[in-house]
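Peer 1: Chains A and B, in that order, are what the protein sequence lines are. Yeah, the first sequence ends on 332 if you go by the numbering used here, and it's all consecutive. Yeah, the second sequence ends on 277 if you go by the numbering used here, and it's all consecutive.
None of these hints come from the bench; they were simulated from the model. Misleading hints may appear alongside valid ones.
Facing chain A, from chain B, some residues (calculated, C-beta under 8 Å) [unchecked claim]: (1) Glu182; (2) Pro183; (3) Ala184; (4) Lys215; (5) Met217; (6) Arg218; (7) Lys219; (8) Ile221; (9) Leu230; (10) Leu232; (11) Glu272.
Computed beta-carbon distance windows for the label pairs [stated by the list, open to error]: (12) B:Lys192 <-> A:Phe112: 16 to 26 Å; (13) B:Glu140 <-> A:Arg114: 30 to 40 Å; (14) B:Lys192 <-> A:Asn189: 32 to 42 Å; (15) A:Glu270 <-> B:Met172: 26 to 36 Å; (16) A:Ala258 <-> B:Lys192: 37 to 47 Å; (17) B:Thr180 <-> A:Val134: 46 to 56 Å; (18) A:Met260 <-> B:Glu140: 48 to 58 Å; (19) B:Gln275 <-> A:Glu184: 34 to 44 Å; (20) A:Met260 <-> B:Ser162: 49 to 59 Å.
DSS-like mimics (lysine-lysine), calculated; alpha carbons at most 30 Å apart, straight line [what the hints assert, rightly or not]: (21) B:Lys235 <-> A:Lys220; (22) B:Lys235 <-> A:Lys219; (23) A:Lys53 <-> A:Lys9; (24) B:Lys192 <-> B:Lys262; (25) A:Lys329 <-> B:Lys235; (26) A:Lys8 <-> A:Lys63; (27) B:Lys235 <-> A:Lys308; (28) A:Lys329 <-> B:Lys262; (29) A:Lys139 <-> A:Lys59; (30) B:Lys142 <-> B:Lys235; (31) B:Lys142 <-> A:Lys329; (32) B:Lys192 <-> A:Lys194; (33) B:Lys192 <-> A:Lys329; (34) A:Lys217 <-> B:Lys235; (35) B:Lys235 <-> A:Lys293; (36) B:Lys270 <-> A:Lys308; (37) A:Lys33 <-> A:Lys177; (38) A:Lys329 <-> B:Lys270.
Idealized CB from N, CA, C, for every residue including glycine.
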Amino acid sequence: MDKKIKLALYWAATCGGCDIATLAIGDKILKLAQVADIVFWPVAMDVKYSDVEKMPDKSIDACLFNGSIRNSENEYMAQLLRAKSKILIAYGSCSYEGGIPGLANLFNRQMIFERAYCETQSTDNPKKVYPQSKVQVPEGELEIPEFYDTVKTLTQTVDVDYFVPGCPPEEKTTWLAIEALIENKLPPKGTVISHAVKAVCDECPRIRKEKKVKKFYRTYEIIPEPETCLLEQGIVCMGPATRGGCGAVCPQANMPCTGCYGPVEPGADQGAKMVSAIASILGRENEKDLSEAEVEELMDQIKDPVGTFYRFSLPAALVNRRVKEGS
Amino acid sequence: MDGFEPKIIGFCCNWCAYAGADLAGISRIQYPPNLRMIRVMCSGTIEPAYILEAFQKGADGVFIGGCHPGDCHYQTGNYKTMRKVILAKRLLSQLGLNPKRLKLEWVSAAEGQRFAQVVTDFIAEVKELGPNPLKQEIAQHG
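For reference, chain A alone in the conformation it holds in the complex (with noise of 0.2 Å):
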């Protein structure tokens, strides 16, 4: 290569941890830095959104942008950077799918705000002063990004051209896209790169036997068996609606899958697919003998349905949000 590539990492609605797993390539950093210069990176380099605005169309070859759409900053930043870069990278659940940050969605801005503002047992707020975007002070106009309604996904917000899954991606995931990156060997726009096509099942070396459940067990309930399917054991493992790739990281230290690769297919309703897989094991055994309150009662030890089977995927949800009824 004559020339390295230009590459730019941001930061919108996320926890850090994706830039944090960024690092987690170890070594192979080394031949990163080889190819690649770093132009904008806010978590590690001194920088402004002045830098990047003063940058022509186009001269950032490639962005790994983690994070959701959240506010009006993180959607400012998200087609600015479009603008910027050859090739926009949804890196991590969050931006790829909405991730924790979307479970927000179950609320809107209002009730968060009381929440956050008011609520919490901390806070001392008697006469209920919430953030306005702009507010007027003796030396002129002061203004802070919007906060929104609704979370989006990057996707939501502007064209992307890859996705990489995980929460964080893992490191070998993370090295499979760079390296498709600084090689140009890049799949077709729109692939979500992961190694695995197929569900973390596929990956998991537990021993699946028979999938008839009586109980669940919420995970502090119950010390599984260490070499026996969670999802028999009675633990709601996200497994079969999740694609693989991450190598079923979490299985084998004892803890579900909670979904955070998305769906097996890019673009299903993951949340939908784990309704499917609990409502055909819960209860099979007996199925014939039940009634529809005794079916009721098992489906009660389920607990927050949405949260679980939509842990890192609301936002990206065919109803992806939390709506009103009688409005």
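Chain A is already provided as a structure; the job is to place chain B on it using the hints.
Peer 2: Here is chain B on its own, set in the frame of chain A:
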């Protein structure tokens, strides 16, 4: 709401509910025209995603018709349907949609009258609930 005519998507199994609808038709039993019916081989094949997609695209109600318990042409498909629908209803109510917008009924091939009755009742119920709130959401956010 006056003048509100709900759009209802119905999934009916080939062997019982759809045949029941056919019987209602050939017997010339009247029922309101709000139901758009889709024939499936078994109610057990109805994925929860179909239900969510119907609501997302603006359906005011989703009707699912299957064989009576014990009568499934594929033996146990309808038991799975019952469990899926119950869990899907919980999903709907967490997402703010009234779970009454989703209806599961067992209708045999001989029950043309019953088919017309349950569909008529469901349409009246959805009329009472008003339009699907997602429609407004779609109009606002695209």
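Peer 1: So, for every hint listed, does it hold in this structure?
Peer 2: Status of the hints after comparison with the structure:
Interface restraint check: B:Glu182 against chain A, minimum CB-CB distance 6 Å, threshold 8 Å, status holds. A hinted interface residue such as B:Pro183 counts as satisfied when its beta carbon comes closer than 8 Å to some beta carbon of chain A; here the least separation is about 4 Å, so the hint holds. Below 8 Å, beta-carbon pairs count as interface contacts, and B:Ala184 has one with chain A at about 4 Å; its hint therefore holds. Because the beta carbon of B:Lys215 sits about 6 Å from the nearest beta carbon in chain A, less than 8 Å, this interface hint is met.
Contact between B:Met217 and chain A, as hinted, is supported at the beta carbon level, the nearest pair being about 6 Å apart and thus within 8 Å. About 4 Å separates the beta-carbon of B:Arg218 from the nearest beta-carbon of chain A, less than 8 Å, and the hint is met. Proximity of B:Lys219 to chain A holds as hinted, the smallest CB-CB distance being about 4 Å (cut-off 8 Å). Contact between B:Ile221 and chain A, as hinted, is supported at the beta carbon level, the nearest pair being about 5 Å apart and thus within 8 Å.
Given the 8 Å rule on beta carbons, the hint for B:Leu230 holds: about 5 Å separates it from the nearest Cβ of chain A. With a least beta-carbon distance of about 6 Å to chain A, the hint placing B:Leu232 at the interface is held under the 8 Å criterion. With its C-beta approaching chain A no nearer than about 5 Å, B:Glu272 sits inside the 8 Å limit, and its interface hint holds. With their beta carbons about 24 Å apart, B:Lys192 and A:Phe112 fall inside the hinted range of 16 to 26 Å.
Between B:Glu140 and A:Arg114 the beta carbons are some 34 Å apart, a value that agrees with the proposed interval 30 to 40 Å. Between B:Lys192 and A:Asn189 the beta carbons are some 40 Å apart, a value that agrees with the proposed interval 32 to 42 Å. Our hint of 26 to 36 Å for A:Glu270 and B:Met172 holds, since their Cβ atoms are close to 27 Å apart. One distance hint, 37 to 47 Å for the beta-carbon pair A:Ala258 and B:Lys192, holds here, with the actual separation near 40 Å.
As the Cβ distance of B:Thr180 to A:Val134 is approximately 54 Å, the hint placing it in 46 to 56 Å holds. Taking the beta carbon of each, A:Met260 and B:Glu140 are about 50 Å apart, inside 48 to 58 Å as hinted. Take B:Gln275 and A:Glu184: their Cβ atoms lie about 42 Å apart, and the range 34 to 44 Å holds. In this structure the supplied range 49 to 59 Å holds for A:Met260 paired with B:Ser162, their Cβ-Cβ distance being about 57 Å.
Restraint check: the Cα-Cα separation between B:Lys235 and A:Lys220 comes to about 27 Å, which is no more than 30 Å; the hinted pair holds. A hinted pair counts as satisfied when its Cα atoms are at most 30 Å apart, and B:Lys235 with A:Lys219 qualifies at roughly 27 Å. Restraint check for A:Lys53 and A:Lys9: satisfied, since their Cα atoms lie roughly 22 Å apart, inside the 30 Å limit. Our distance criterion of 30 Å between C-alpha atoms is met by B:Lys192 and B:Lys262, whose separation comes to about 18 Å.
Distance restraint check for A:Lys329 and B:Lys235: the Cα-Cα separation of roughly 14 Å lies within the 30 Å cut-off, and the hinted pair is therefore satisfied. Annotation: proposed proximity of A:Lys8 to A:Lys63 holds, straight-line Cα distance about 16 Å (limit 30 Å). A distance of roughly 20 Å separates the Cα atoms of B:Lys235 and A:Lys308; the hinted pair therefore holds under the 30 Å criterion. Annotation: proposed proximity of A:Lys329 to B:Lys262 holds, straight-line Cα distance about 17 Å (limit 30 Å).
A hinted pair counts as satisfied when its Cα atoms are at most 30 Å apart, and A:Lys139 with A:Lys59 qualifies at roughly 26 Å. Restraint check: the Cα-Cα separation between B:Lys142 and B:Lys235 comes to about 14 Å, which is no more than 30 Å; the hinted pair holds. Straight-line distance between C-alpha atoms of B:Lys142 and A:Lys329 comes to about 19 Å, which keeps the hinted pair within the 30 Å bound. For the hint linking B:Lys192 to A:Lys194, the alpha-carbon distance of about 27 Å falls within 30 Å, and the restraint holds.
The suggested pairing of B:Lys192 with A:Lys329 holds, with an alpha-carbon distance near 16 Å, which does not exceed 30 Å. With a CA separation close to 29 Å, the supplied pair A:Lys217 and B:Lys235 stays within the 30 Å bound. Restraint check: the Cα-Cα separation between B:Lys235 and A:Lys293 comes to about 25 Å, which is no more than 30 Å; the hinted pair holds. For the proposed pair B:Lys270 and A:Lys308, the alpha carbon gap of about 28 Å is at most 30 Å, so the pair holds.
As the CA atoms of A:Lys33 and A:Lys177 are separated by approximately 11 Å, the hinted pair is consistent with the 30 Å bound. In summary, the hint linking A:Lys329 to B:Lys270 is supported, as the alpha carbons are separated by about 11 Å, within the 30 Å threshold.
Against the hints set out earlier in the document, no violation occurs for any number.
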